[in-house]
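Peer 1: Assembly of the complex is requested from the two constituent chains, each provided in isolation within its own frame, with the hints serving as guidance.
So you can see what is in the structure, the chains are spelled out below.
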Amino acid sequence: MQLTPLKARLRRFFTPRTVVIGVPMLWLIALAALPLLLILQISFAHMQITSVSSLWQWANDELTLKFNFGNYLYLGDDPLYFAAYLSSLKYAALTTLYCLILGFPFAYFISRAPVHLRAVLLMLVMLPFWTSFLLRIYAWKALLADNGVINNSLIGLGVIATPIHMMHTSFSLTIGMVYAYLPFMVLPLYATLVKLDGRLLEASADLGASPFKTFWLVTVPLSKRGIIAGSMLVFIPAFGEYVIPELLGGPTTLMIARVLWDEFFSNNDWPMASAVAVVMILLILIPMAVFNRYNENTKS
Amino acid sequence: MAASLPTSEQSVFLEINGVSKVFDGVVKAVDDIHLTLPKGEIFALVGSSGCGKSTLLRMLAGFETPTQGRIFLSGQDITQLTPYERPVNMMFQSYALFPHLSVWENVAFGLRRDGLKGEALRERVDAMLNLVKLSKFGRRKPHQLSGGQQQRVALARSLAKRPALLLLDEPLGALDKKLRESTQFELVNIIEQVGVTCVLVTHDQEEAMTMASRIAVMDEGRFLQVGTPDEIYEMPNSRFVADFIGNVNIFEGVIDENEPEHITVQSPECTHYVGHGVSGPTGMVVAVAVRPEKIQLAKTRPQTPYNCCEGEVVELAYFGAHTIYHLKLASGMVLKVQEANRTRDLDAGLTWGDRAYAHWDNRAMVVLTE
Numbered sequence: 667m668q669l670t671p672l673k674a675r676l677r678r679f680f681t682p683r684t685v686v687i688g689v690p691m692l693w694l695i696a697l698a699a700l701p702l703l704l705i706l707q708i709s710f711a712h713m714q715i716t717s718v719s720s721l722w723q724w725a726n727d728e729l730t731l732k733f734n735f736g737n738y739l740y741l742g743d744d745p746l747y748f749a750a751y752l753s754s755l756k757y758a759a760l761t762t763l764y765c766l767i768l769g770f771p772f773a774y775f776i777s778r779a780p781v782h783l784r785a786v787l788l789m790l791v792m793l794p795f796w797t798s799f800l801l802r803i804y805a806w807k808a809l810l811a812d813n814g815v816i817n818n819s820l821i822g823l824g825v826i827a828t829p830i831h832m833m834h835t836s837f838s839l840t841i842g843m844v845y846a847y848l849p850f851m852v853l854p855l856y857a858t859l860v861k862l863d864g865r866l867l868e869a870s871a872d873l874g875a876s877p878f879k880t881f882w883l884v885t886v887p888l889s890k891r892g893i894i895a896g897s898m899l900v901f902i903p904a905f906g907e908y909v910i911p912e913l914l915g916g917p918t919t920l921m922i923a924r925v926l927w928d929e930f931f932s933n934n935d936w937p938m939a940s941a942v943a944v945v946m947i948l949l950i951l952i953p954m955a956v957f958n959r960y961n962e963n964t965k966s
Numbered sequence: 017m018a019a020s021l022p023t024s025e026q027s028v029f030l031e032i033n034g035v036s037k038v039f040d041g042v043v044k045a046v047d048d049i050h051l052t053l054p055k056g057e058i059f060a061l062v063g064s065s066g067c068g069k070s071t072l073l074r075m076l077a078g079f080e081t082p083t084q085g086r087i088f089l090s091g092q093d094i095t096q097l098t099p100y101e102r103p104v105n106m107m108f109q110s111y112a113l114f115p116h117l118s119v120w121e122n123v124a125f126g127l128r129r130d131g132l133k134g135e136a137l138r139e140r141v142d143a144m145l146n147l148v149k150l151s152k153f154g155r156r157k158p159h160q161l162s163g164g165q166q167q168r169v170a171l172a173r174s175l176a177k178r179p180a181l182l183l184l185d186e187p188l189g190a191l192d193k194k195l196r197e198s199t200q201f202e203l204v205n206i207i208e209q210v211g212v213t214c215v216l217v218t219h220d221q222e223e224a225m226t227m228a229s230r231i232a233v234m235d236e237g238r239f240l241q242v243g244t245p246d247e248i249y250e251m252p253n254s255r256f257v258a259d260f261i262g263n264v265n266i267f268e269g270v271i272d273e274n275e276p277e278h279i280t281v282q283s284p285e286c287t288h289y290v291g292h293g294v295s296g297p298t299g300m301v302v303a304v305a306v307r308p309e310k311i312q313l314a315k316t317r318p319q320t321p322y323n324c325c326e327g328e329v330v331e332l333a334y335f336g337a338h339t340i341y342h343l344k345l346a347s348g349m350v351l352k353v354q355e356a357n358r359t360r361d362l363d364a365g366l367t368w369g370d371r372a373y374a375h376w377d378n379r380a381m382v383v384l385t386e
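In order, the protein sequences belong to chains A and B. In terms of this note's numbering, the first sequence has 832 at position 166, counting the first letter as 1, and numbering is strictly consecutive. In terms of this note's numbering, the second sequence has 321 at position 305, counting the first letter as 1, and numbering is strictly consecutive.
In case anyone wonders, no lab produced these hints; they're calculated from the structure. In this text the structure is predicted, and so the values were computed from the model without any measurement. All C-beta atoms, glycine included, are put in the ideal place defined by N, C-alpha and C. Fair warning: there could be bad hints in the mix.
Some but not every residue of chain A turned toward chain B, in silico, with C-beta under 7 Å [what the hints assert, rightly or not]:
1) ALA759
2) ALA805
3) ASP872
4) GLY874
5) ALA875
6) SER876
7) LEU888
8) ALA895
Simulated pairs of lysine-lysine, BS3-like, Cα-Cα distance not exceeding 30 Å [to be verified]:
9) A:LYS879 with A:LYS890
10) B:LYS55 with A:LYS890
11) A:LYS879 with B:LYS194
12) B:LYS157 with A:LYS879
13) A:LYS890 with B:LYS194
14) B:LYS310 with B:LYS344
15) B:LYS193 with B:LYS152
16) B:LYS157 with B:LYS55
17) B:LYS152 with A:LYS879
18) A:LYS756 with A:LYS807
19) B:LYS152 with B:LYS133
20) A:LYS890 with A:LYS861
21) B:LYS310 with B:LYS193
22) B:LYS193 with B:LYS157
23) B:LYS310 with B:LYS194
24) B:LYS310 with A:LYS890
25) B:LYS157 with A:LYS861
26) B:LYS193 with B:LYS352
27) B:LYS310 with B:LYS352
28) B:LYS133 with B:LYS149
29) A:LYS879 with A:LYS861
Isolated chain B (complex conformation) (with noise of 0.2 Å):
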């Protein structure tokens, strides 16, 4: 007999079905989202604030109800359940850690309510400190801690009762800078070291960048678009899209030729060869969105006629390992420009008031019709 190959039904783990949420009868927060995630995957929700990202996430940890819609746990129907009836633990926005407790008592608190005692309930308790590299915190109470070992505390307590669903909710927010690059990395290891599927909630693009394995970006209670980290970097499908993750020029213009393996799109700047599968009648208005470090600065006049616009240098920003540069195009469009600082010189050896041109490839940009 053959190993049955897994259908499609046992590898989706959580689905979202159909899920809106409407409050007091008008505000649509979130509006009927679908989404299927596999068992162990990492996905996270971006937005801006008000996007619906966090109501979202609290439909998942039953804070609220759905409006509409069901949600499935490994095939159970979770939309009804009350939070304490959930298989779900969630990492709350600046950790809601109890401050009469201990940090032991903090990770305990969950297992007490499922019995455990004991010897039994010592060494998952140890255990999960020893996880978040804490086991000499145990006595301490959470105001005693660090901002990064607070964060730690909240992760080993969500996670100690080996939740089938982990929710973080702006995991990083309440970290500085420095902290946050080295804790990303951290908390990845240590989710996919427990190989809980785990939903996450961030305003920072590059927080669900480094993090997630999949990435859905949202607006007004809907997903704009769903796909791995660079799919939504290097093939945005709108413009709200493209401008949220990350920074891009965007022109607008109309399509010229239409050939099988380019289009050209004539914008006031410049004429746009964009070389890769695209297609669409000639006369259609498109935006062509250009990344800023996809694009060279050059004091000649690069041989070609296409995608390239000269400029003056107004505006120059040093950031150790790159610069960036604004160049004033003739038609007022102000264009982005990030230089990778390659040699201890500056390469481009441009600065203020310089005339420059910019160019780049016929692979660089993407053509959006929304």
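Just chain A, with the same shape it has in the complex (with noise of 0.2 Å):
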């Protein structure tokens, strides 16, 4: 008879909407939140031989706290992480950027093509996902280096005598990049421009702007959301990317990702590692958490 309370309780708790939300969050503490609380946690350990250090003893009735700074001091120390930061700070921008001015016009089109050809046209740019994501990075490998694709049918054809240097520099690095980003930026702008009442596009053009100050002033700033959304799809991913670099960059194309795998798996400095990997997610958290701060407050 006790139970009753108990079981209408748990009855009341598992509706359908807290089992449907409730799964895919269990699934996300279990899977990234308690990993990273992890992370947080090994980053003020020390590294002892095959373990690390534990952050709290209990000993003599007392508990001590040990927290150690010193793999963040490191960061500060060595200029080569800071270089790394910097470097994927800046490929992470420069995907995103060329993303924007390749996916702006190409997701314009589509949201402007007629009905039954725009399905056709996002399939399309989703089409590359059919294929695994590292085959088609291969693939690049094939088409850029020196007796590449690109490069043989150069001299097949006469233009150039001897092969221009492209594997294993920024500029495969970037191609890579953009390529393999440009779909995310595509789809959230494509699904803000369609949206675009086209009327507002006349409305401009009947006060005197021309088309280009029509783009600048009506479409742009209407598909704010679009290039956020898109933009932040690709720097977030580009900043901590590992297998193109890897595969298409080259020893001037150093990436943190790269550095936080050398620092975990070849170093096997897994407090060091941690410290680098926790830096790597305030980097891009504190920037997005304020701007979208920002932007919350813009709209109201």
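Peer 2: Written out as structure tokens, the structure reads:
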């Protein structure tokens, strides 16, 4: 008899709504939040040959908390880290910029295409996802290598005598990144542009704005949300990108994810690697949070 | 030297000369339209959707190029000019206000494109907002305004550049009925105050009649009739126009007598005695149109053999100011009658199932041949 209230309470708690929200929530807690907390904890520890030191000790009825800030301080000491962070920021920013420049007209023309063509064009944007990401990046190697498709064709046509060196340069890295992330820019841009009311563009023209002015004064401000969403979808993963720099980048294009990998798996210094990861997350998270806050304020 | 009289050339402000628009090589949206407007006129294009009125308006704005014909504005050929090169501004259907700009910036948008800045810009925008009584709302965004206020912002924006020609696309379409009526007069007042020549498009005949000095009724890309509101209403030239503008009862008949001062038309329902200047050969097939409000109802047979028929009240709708009766005649035709409620008792004293006599004046009807 005493169980009934509990049963009732459970039934009230496990509504379809809580289950639908709860399952992915648990998933995220277990596989994203907890590992992140672990990383945060490890970043304040020492490396002890094969294990990391514990942050607390219980001895003589005393709880001792020991936080090691050495890893973080060392990040500032060695210019390698700073250079790698900066390089990651640079390539992520460049990738975002190029994706925006290429993706905007792309998304614009899809959104203005006849309705029956839009689905086909969108399908084409998503077509690369049908092939493995790794394969597609490897394919770029075949294209860009000194004896790759592009160089061989150009030499065959007599345009150049010696191959142009493209692989393992910032050029090959940027091309690979832009190629891989372009769809993530196009899709949110398309979603906002397709909702853009054509009569606003006509109103702008009617009031004396040239097509360029109309684009700048009406189309761009009204697709701001799409630009922001697309830029975040490109910038965030590009900042931490590991595979593309590894396969297409060269010695001059050291990015932070590579450093992170080395700290974890070559140097086996987990606390140091964790500190690198924490700073990397903060570097993205803080500007995003400030930006979102600002955006919310301007909306209301 | 005598002052030169304005020639017809000078008094023509807008000239539409044989304009046609064909879409996809087959669909003739606008078919050989000719029209001239003097400066300052408010002109309305009415018709049901798909009649070509919007396409014609869009060709005036420059959003569509005519397949044939030319458009002249104060003598200048503007047919090939882009929208942003024309001294023409449009108030769009449901307004198309820029959602990301304040009311003030919406009005300033066109002026800024002309390079107006600083004090001059501020003065003009403030004057426009004053004109539409929205001075206090300059900082608001369009979505923070009511429908009527948005409509006034749209008007201010389209008038700000002092266009030579103002185009209105369904100007009151997005407002509810009560607001419509008050806004109609306000809109006309402002347009007349500014003195701009104006072409408006509407599917609402009442809106066209209250706002415009002349109306063109359009169907299938052509003008069926162009005239003042009362000409269109009282002297429609075709069944379509008679039926489109207002309500009408149409009797089919043949001309029976053709005398100098009258004709009679024999139809199954009654003999029509038409007393105004129409004539036609005996035996000609015609239609006689009578507006519902020109018909009176009586319980007893009126002392006249003409313009009178008997029927049964099958439908009755009380509208307050007037009552609509549907009278079923022996021929099966249902006659629509509108009686003004001049006293607080229902004047005719009729109800469902009553027999009644309908009759009308010999100047009440229009004889249509088409």
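Peer 1: Taking the hints in turn, state whether each one holds.
Peer 2: Each hint tested on the structure:
1. For ALA759 of chain A, the shortest C-beta to C-beta distance to chain B is roughly 26 Å, which exceeds 7 Å, and the interface hint is violated.
2. Annotation: ALA805 of chain A was flagged as interfacial toward chain B, and the flag is violated, the nearest CB pair being 42 Å apart, outside 7 Å.
3. Because the closest C-beta pair between ASP872 of chain A and chain B is about 5 Å apart, less than 7 Å, the hint holds.
4. Taken as an interface hint, GLY874 of chain A checks out: its beta carbon lies about 4 Å from the nearest beta carbon of chain B, inside 7 Å.
5. At about 5 Å, the closest approach between the beta carbon of ALA875 of chain A and any beta carbon in chain B falls short of 7 Å, and the interface hint on this residue holds.
6. Annotation: SER876 of chain A was flagged as interfacial toward chain B, and the flag holds, the nearest CB pair being 6 Å apart, inside 7 Å.
7. This hint holds: LEU888 of chain A has a C-beta 6 Å from the nearest C-beta of chain B, less than the 7 Å allowed.
8. For the restraint placing ALA895 of chain A at the interface with chain B, the shortest Cβ-Cβ distance is roughly 17 Å, beyond the 7 Å limit, so the hint is violated.
9. A hinted pair counts as satisfied when its Cα atoms are at most 30 Å apart, and LYS879 of chain A with LYS890 of chain A qualifies at roughly 16 Å.
10. Of the supplied pair hints, the one linking LYS55 of chain B and LYS890 of chain A is violated, its CA atoms being roughly 43 Å apart against a limit of 30 Å.
11. For the proposed pair LYS879 of chain A and LYS194 of chain B, the alpha carbon gap of about 39 Å is over 30 Å, so the pair is violated.
12. Between LYS157 of chain B and LYS879 of chain A the alpha-carbon distance is near 21 Å, which keeps this suggested pair within the 30 Å criterion.
13. Of the supplied pair hints, the one linking LYS890 of chain A and LYS194 of chain B is violated, its CA atoms being roughly 38 Å apart against a limit of 30 Å.
14. Taking the CA atoms of LYS310 of chain B and LYS344 of chain B, the gap is near 17 Å; set against the 30 Å cutoff, the hint holds.
15. At roughly 26 Å between alpha-carbon atoms, LYS193 of chain B and LYS152 of chain B fall within 30 Å of each other, so this suggested pair holds.
16. Proposed proximity of LYS157 of chain B and LYS55 of chain B is contradicted: the alpha carbons are some 35 Å apart, above 30 Å.
17. Note on LYS152 of chain B and LYS879 of chain A: the hinted pairing holds, with a Cα-Cα distance of about 29 Å set against a maximum of 30 Å.
18. Simply put, LYS756 of chain A and LYS807 of chain A have alpha-carbon atoms about 22 Å apart, close enough for the 30 Å limit, and the pair holds.
19. For a cut-off of 30 Å, the pair hint linking LYS152 of chain B to LYS133 of chain B stands: about 21 Å separates their Cα positions.
20. A threshold of 30 Å between alpha carbons decides the hint, and for LYS890 of chain A with LYS861 of chain A the separation of about 12 Å falls inside it, so the pair holds.
21. Pair hint LYS310 of chain B plus LYS193 of chain B holds up; C-alpha atoms about 26 Å apart against a cutoff of 30 Å.
22. The suggested pairing of LYS193 of chain B with LYS157 of chain B holds, with an alpha-carbon distance near 25 Å, which does not exceed 30 Å.
23. Restraint check for LYS310 of chain B and LYS194 of chain B: satisfied, since their Cα atoms lie roughly 26 Å apart, inside the 30 Å limit.
24. Note on LYS310 of chain B and LYS890 of chain A: the hinted pairing is violated, with a Cα-Cα distance of about 60 Å set against a maximum of 30 Å.
25. Between LYS157 of chain B and LYS861 of chain A the CA atoms are separated by roughly 19 Å; this keeps the pair inside 30 Å, and the hint holds.
26. At most 30 Å may separate the alpha-carbon atoms for a hinted pair to count; LYS193 of chain B and LYS352 of chain B meet this at roughly 24 Å.
27. About 10 Å separates the Cα atoms of LYS310 of chain B and LYS352 of chain B, which keeps this hinted pair within 30 Å; it holds.
28. For a cut-off of 30 Å, the pair hint linking LYS133 of chain B to LYS149 of chain B stands: about 23 Å separates their Cα positions.
29. Simply put, LYS879 of chain A and LYS861 of chain A have alpha-carbon atoms about 20 Å apart, close enough for the 30 Å limit, and the pair holds.
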